[in-house]
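A.B. asks: So the sequence lines, in the order shown, correspond to chains A and B. Start counting the first sequence at -17; every next residue gets the next number (the numbering used here). Start counting the second sequence at 556; every next residue gets the next number (the numbering used here).
If you're looking for bench data, these hints aren't it; they were derived computationally from the structure. As the structure is a computational prediction, the values presented were derived from the model and not from experiment. Be aware that one or more of the hints could be misleading.
Listed below are several chain B residues computed to face chain A (Cβ distance under 7 Å; list not exhaustive) [as the list claims (entries may be wrong)]:
(1) Phe609
(2) Trp628
(3) Ile638
(4) Gly671
(5) Leu678
(6) Tyr703
Virtual Cβ for every residue (Gly too), placed ideally from N, Cα, C.
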Amino acid sequence: MNTNLNNIQDPGFKVPKDYFEHLEASIISHVNLKEKVSDPGFSVPKDYFKNIENDILTKVNKKEPVKVISLFNKKNLIYISGIAAAILLLFNLPTLNTKVTYASLSTETVEDFILNEDYSANDLATLFNDIDLLEEDGFNSISFTDEAMQDYLNNNLELNDLYTE
Amino acid sequence: MLNETVFLQQLKSKNSKEQAFKELVAQYKERLYWHIRHIVKSHDDTDDVLQNTFIKVFKNIDNFKGDSKIYSWMYRIATNEAITHINKNAKRLQITNQETQDLAINNLQSDVYFEGNEIQLKLQEAIATLPEKQQLVFNMKYFQNIKYKDMSEILETSEGALKASYHIATKKIEDYLTKD
Chain A
-17 MNTNLNNIQD
-7 PGFKVPKDYF
3 EHLEASIISH
13 VNLKEKVSDP
23 GFSVPKDYFK
33 NIENDILTKV
43 NKKEPVKVIS
53 LFNKKNLIYI
63 SGIAAAILLL
73 FNLPTLNTKV
83 TYASLSTETV
93 EDFILNEDYS
103 ANDLATLFND
113 IDLLEEDGFN
123 SISFTDEAMQ
133 DYLNNNLELN
143 DLYTE
Chain B
556 MLNETVFLQQ
566 LKSKNSKEQA
576 FKELVAQYKE
586 RLYWHIRHIV
596 KSHDDTDDVL
606 QNTFIKVFKN
616 IDNFKGDSKI
626 YSWMYRIATN
636 EAITHINKNA
646 KRLQITNQET
656 QDLAINNLQS
666 DVYFEGNEIQ
676 LKLQEAIATL
686 PEKQQLVFNM
696 KYFQNIKYKD
706 MSEILETSEG
716 ALKASYHIAT
726 KKIEDYLTKD
């Protein structure tokens, strides 16, 4: 690098593009305008700035009154009684409070449920354990007539099924 | 005024808040008044906005973190309050913001606190034709001579953009005044 002072011709400063053109136009506009009108023409009431300070400080120090809202006005009573009624209904409506027991279900309801829910014979079998099917419970004590047994077998069994059993 | 950080501490301290705030009002009341007056035009509206501005400053000083100067923070509040005031008036009268400004200029003719002549009134008309931001820049530079550096902090705009904005505004106003 040549550090000889005589060789440094350019100081390195730059100005934005078209700076001098804009500067000239800007100064001329400003000066022309100032010549025409320099004062906006607004005025203020006498002693305004003297008094405004006190006005502001008074307002700032004034404690805002706390607004008291009565719980027992008509509007609030309607709201509160509405909410109370809704809670009472929620816990007391008979449709929401009925306990379902097996005893209260009719045989048709159980049948419809089983048919609609598409339970297979295997699914139903899992609902019973061995104890349910013990002899003492009377499962084997149910008497079937020979005719009823024959009708059942004719209607429900294929010969092939018997072979596979 | 004291060092800004110390002064801010005083404004936030319970014991010295009132005295420091009094000093703040004394220091900035006139500057903020003229800033607001150039936006809303009428003295009565300016008085309302100025008082609201200082009340807001007092209430929010504890939340001010000192990211900018107190001066520019207050100017920002004053600017927002003044613009909100114009918007509220427009809503109340069910007219546009531009119509509200035109109305404010028309009212100047009968305003006892406007002593301007024909050309001064025309200047106000010309300013009202500018977009909101250009109006702010023009008023702050032309009448209040605020430095671009400070204006940049108040309006959160680069100095270059502000200079360009001021130049365009001046040119438009000059054209408006010489068109007839």
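A.B. asks: All hints are to be evaluated individually against the structure, with a verdict given for each.
C.D. replies: Here is how each hint holds up against the structure:
1. Phe609: At 5 Å from the nearest chain A Cβ, phenylalanine 609 of chain B passes the 7 Å test, so the hint holds.
2. Trp628: violated (17 Å)
3. Ile638: Isoleucine 638 of chain B check fails; min Cβ-Cβ to chain A is 19 Å, beyond 7 Å.
4. Gly671: holds (2 Å)
5. Leu678: This interface hint holds because 5 Å falls under the 7 Å limit.
6. Tyr703: For tyrosine 703 of chain B, the interface hint is violated, since the closest Cβ of chain A sits about 12 Å away, which is over 7 Å.
Of the numbered hints listed earlier, those contradicted by the structure are 2, 3 and 6.
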